[in-house]
Amino acid sequence: MRKNPLFFLFLIILVAVTAAFFVYPKNFGAKFMPWRLGLDLIGGSHLVYKVDLSQVAGGDRDSVLNGLRDVIERRVNLFGVSEPQVYLAQSAGESNLVVELAGIKDVSQAIQQIGATPLLDFREVEQNGSSTDFIQTNLTGRYITGAQLTFDTQTQAPQVSISFNNDGAAIFEQMTAKNVGKPLAIFLDGSLIEMPTVQEKISGGNAVISGKFTVDSAKTLVERFNAGALPAPITLISQQTVSPTLGADSLKKGIVAGIIGTLLVMAFMLFYYRMFGVFAALALLIYIFLTLGAFKIIPITLSLAGLAGFILTIGMAVDANILIFERIKEELKKGLSKTTAIEEGFRRAWPSIRDSNTSTIITAVILYYFTSGFVKGFALTLLIGVLVSLFSAITTTRLLLRVLVKDKNSEIK
Amino acid sequence: MLNIIGRKSVFLVISAIFVGAAIIAVVLFGFRQGIDFAGGTLWQFSIASNTPSVDVLQGFFKSNLEASDAMVTYDAASGSFMARLPSVSEPDHQKLSNLLKTSYPSFEEAGFQSIGPSVGNELRKNAIIAMILVIIGISLYVAFAFRKVFQPVSSWAYGFITLLTLFHDVVIPAGLLALLGHYAKIEIDSNFMVALLVVMGFSVHDTIVVFDRIRENLLLDRGRTAFAELVNKSINQTMARSINTSFTLILVLLALYFTGPASLHYFVLTLLVGVTTGIYSSIFVASPLLVLWHGRKK
Numbered sequence: 001m002r003k004n005p006l007f008f009l010f011l012i013i014l015v016a017v018t019a020a021f022f023v024y025p026k027n028f029g030a031k032f033m034p035w036r037l038g039l040d041l042i043g044g045s046h047l048v049y050k051v052d053l054s055q056v057a058g059g060d061r062d063s064v065l066n067g068l069r070d071v072i073e074r075r076v077n078l079f080g081v082s083e084p085q086v087y088l089a090q091s092a093g094e095s096n097l098v099v100e101l102a103g104i105k106d107v108s109q110a111i112q113q114i115g116a117t118p119l120l121d122f123r124e125v126e127q128n129g130s131s132t133d134f135i136q137t138n139l140t141g142r143y144i145t146g147a148q149l150t151f152d153t154q155t156q157a158p159q160v161s162i163s164f165n166n167d168g169a170a171i172f173e174q175m176t177a178k179n180v181g182k183p184l185a186i187f188l189d190g191s192l193i194e195m196p197t198v199q200e201k202i203s204g205g206n207a208v209i210s211g212k213f214t215v216d217s218a219k220t221l222v223e224r225f226n227a228g229a230l231p232a233p234i235t236l237i238s239q240q241t242v243s244p245t246l247g248a249d250s251l252k253k254g255i256v257a258g259i260i261g262t263l264l265v266m267a268f269m270l271f272y273y274r275m276f277g278v279f280a281a282l283a284l285l286i287y288i289f290l291t292l293g294a295f296k297i298i299p300i301t302l303s304l305a306g307l308a309g310f311i312l313t314i315g316m317a318v319d320a321n322i323l324i325f326e327r328i329k330e331e332l333k334k335g336l337s338k339t340t341a342i343e344e345g346f347r348r349a350w351p352s353i354r355d356s357n358t359s360t361i362i363t364a365v366i367l368y369y370f371t372s373g374f375v376k377g378f379a380l381t382l383l384i385g386v387l388v389s390l391f392s393a394i395t396t397t398r399l400l401l402r403v404l405v406k407d408k409n410s411e412i413k
Numbered sequence: 001m002l003n004i005i006g007r008k009s010v011f012l013v014i015s016a017i018f019v020g021a022a023i024i025a026v027v028l029f030g031f032r033q034g035i036d037f038a039g040g041t042l043w044q045f046s047i048a049s050n051t052p053s054v055d056v057l058q059g060f061f062k063s064n065l066e067a068s069d070a071m072v073t074y075d076a077a078s079g080s081f082m083a084r085l086p087s088v089s090e091p092d093h094q095k096l097s098n099l100l101k102t103s104y105p106s107f108e109e110a111g112f113q114s115i116g117p118s119v120g121n122e123l124r125k126n127a128i129i130a131m132i133l134v135i136i137g138i139s140l141y142v143a144f145a146f147r148k149v150f151q152p153v154s155s156w157a158y159g160f161i162t163l164l165t166l167f168h169d170v171v172i173p174a175g176l177l178a179l180l181g182h183y184a185k186i187e188i189d190s191n192f193m194v195a196l197l198v199v200m201g202f203s204v205h206d207t208i209v210v211f212d213r214i215r216e217n218l219l220l221d222r223g224r225t226a227f228a229e230l231v232n233k234s235i236n237q238t239m240a241r242s243i244n245t246s247f248t249l250i251l252v253l254l255a256l257y258f259t260g261p262a263s264l265h266y267f268v269l270t271l272l273v274g275v276t277t278g279i280y281s282s283i284f285v286a287s288p289l290l291v292l293w294h295g296r297k298k
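If you read the protein sequences in the order shown, they are chains A and B. Residue numbers for the first sequence follow the numbering used here, beginning at 1 and rising by one. Residue numbers for the second sequence follow the numbering used here, beginning at 1 and rising by one.
Careful: at least some of the hints might be erroneous.
[Stated by the list, open to error] Below, computed lysine to aspartate or glutamate pairings styled on EDC-like, alpha-carbon distance capped at 16 angstroms: (1) 105/A <-> 109/B; (2) 105/A <-> 108/B; (3) 219/A <-> 194/A; (4) 50/A <-> 122/B; (5) 178/A <-> 124/A; (6) 105/A <-> 83/A; (7) 219/A <-> 70/A; (8) 178/A <-> 200/A; (9) 50/A <-> 94/A; (10) 376/A <-> 122/B; (11) 95/B <-> 106/A; (12) 50/A <-> 90/B; (13) 233/B <-> 330/A; (14) 182/A <-> 200/A.
[Unchecked claim] Which stretches of chain A does chain B cover? Using the computed rule of at least three CB atoms under 8 angstroms from a CB of chain B, they are: (15) 234 to 244; (16) 252 to 258; (17) 299 to 312; (18) 322 to 329; (19) 346 to 357; (20) 360 to 368.
Read the hints as simulated data drawn from the structure, not as lab findings. Every residue, glycine too, gets a C-beta built ideally from N, C-alpha and C.
Required output: the full structure, derived from the provided sequences and hints.
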């Protein structure tokens with residue numbers, strides 16, 4: 001880099017300009033990997049449910065939790081929310097289910113629908129020519145005592161074995177007797193999930209569903225049976241809802257504050273450091289585009305806290321430049337030539353830059369691991385911002401100075 | 001050249017008074033915990049026409065929830081009410097919403113946050129652990145970064161003094177919040193904890209700049225000048241950059257406070273107080289403490 005600063009400077013500027021187009025939310029920037037905004041910026045709801053696993057045996061817990069997650073996710077998908085998130089989280093030794101609905105219109109309705117425990121039922125199938133009718137029976141999931149993944153003894157093909165309680169066994173016996181050779185439909189929350197054919201009348205309440213299962217699809221069905229059969233009750237313990245208007249307002253204000261803050265910092269640098277200030281302002285712009293580009297590419301979901309974190313790093317990004325410039329001023333006072341003063345300035349300011357940024361990195365990393373939700377986003381943007389600003393301090397400013405500052409008596413090298 | 005070290009007793013006493021007052025405030029008043037830590041509900045809404053007074057709404061919540069600590073405030077800038085209530089279940093949320101809508105048809109919900117106490121406990125515990133870890137982590141790092149500086153003060157001294165300075169920079173905003181919590185009903189939430197952590201991470205920046213200069217001067221000087229004089233010179237040499245680096249952050253914070261979203265106001269305010277305390281501590285507390293430490297060993 002020492003030999004050809006102009007080339008590398010040009011490279012960095014090119015990347016920054018590309019990043020600028022990439023992050024600007026219009027045209028190219030909007031279609032290719034659009035910005036992912038947090039709930040507090042586009043509006044939406046963040047719900048945390050506690051899962052009551054007291055009725056579930058230890059070994060089945062993971063199965064029930066996964067099954068529960070799947071069922072809730074399918075329900076949530078019906079809300080028409082783009083990219084809903086449903087995931088499990090551990091908190092204080094308890095299992096929680098988190099649902100994030102960005103841009104949801106009616107939160108209370110969503111909460112009602114999520115809260116209803118999953119429903120499994122069996123229906124008889126009647127095929128009239130090309131149309132298929134499903135006739136409801138009274139065999140529902142509450143009669144199922146459990147489901148298991150088994151393998152056919154001869155073919156090793158995966159199968160699902162279910163067991164009914166006594167009442168269920170009786171109903172099941174009747175149903176199978178009536179429908180030998182015909183398919184029976186299994187519905188979960190009103191959607192058809194399997195339609196196996198009845199081979200023979202089944203009594204005793206144990207049945208094996210075989211068909212074209214893969215191990216994974218069989219396992220999924222087992223989990224769903226177990227979730228439908230043992231609905232682990234869920235209770236809403238935490239809710240954070242932000243209306244889209246408030247979210248959009250926060251976003252707009254945040255961006256405005258960011259721009260004003262940037263302009264203030266640039267003005268200060270120009271006023272106090274004159275020529276050096278110009279370099280700092282340029283480096284700051286490059287920093288902003290590179291960091292925003294990094295946010296978008298990773299990609300991180302930008303929340304209000306994350307935006308605040310980024311704006312903070314803008315205030316910190318010039319610090320390295322300040323340290324370097326003050327140092328260069330000192331070296332110039334000693335009588336060194338401009339180019340030597342620059343190199344010395346960088347070399348001697350580097351320990352301070354490295355140490356002070358490391359302390360912020362330590363803070364950001366600890367913050368990241370010990371927080372959740374929105375605050376985590378802040379820690380992440382802070383961390384990425386500091387890392388990019390470290391890079392920017394070592395490379396961008398140095399390249400700018402090397403390229404644009406020449407000694408009074410030297411020729412263009 | 002300013003004689004800071006010469007007057008160090010003055011500055012240290014001022015700091016000690018502030019820290020003492022802050023600790024008294026915290027012990028006396030404690031903190032008002034926000035919903036993040038104690039659980040509860042924060043409800044933001046607007047009623048554009050036929051707007052009721054804050055007292056009417058407060059009375060409404062108090063009677064409907066049978067809670068004596070319901071509180072409603074009004075933010076003129078955004079034209080919205082903020083109701084701070086004990087934990088409200090979702091069915092109650094709907095019930096109250098409907099009641100409000102019938103009385104005030106222009107009722108519009110802007111945000112609703114309800115957090116159960118168990119979630120709050122977890123958050124609070126994590127916040128405290130995070131703070132302790134950050135203080136220890138940074139102090140250890142400083143001791144490590146200055147490991148090659150044995151004379152005349154050991155590298156551990158740098159780390160320990162950093163720890164004291166961090167404590168100073170955290171206790172004063174905390175005391176302020178305890179005071180505000182008691183008199184102005186302002187609460188601490190996880191944002192406040194985050195602000196404190198950022199303050200810690202950042203206040204160390206200026207301290208490091210000064211310590212770094214002291215280290216360099218020690219190397220160049222090789223024991224010719226008295227330690228106190230050398231430290232004083234170092235402070236003067238680095239004062240401009242110490243102040244400027246914090247100043248740029250303050251500029252950004254001011255922009256955030258005056259033009260940014262209202263929900264960040266207290267967060268930004270905490271940061272402003274913390275950064276200001278941070279500059280003060282780097283120049284007037286950290287280095288004097290270092291000289292004091294050195295003096296005691298004689």
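Which numbered hints turn out to be false for this structure? none
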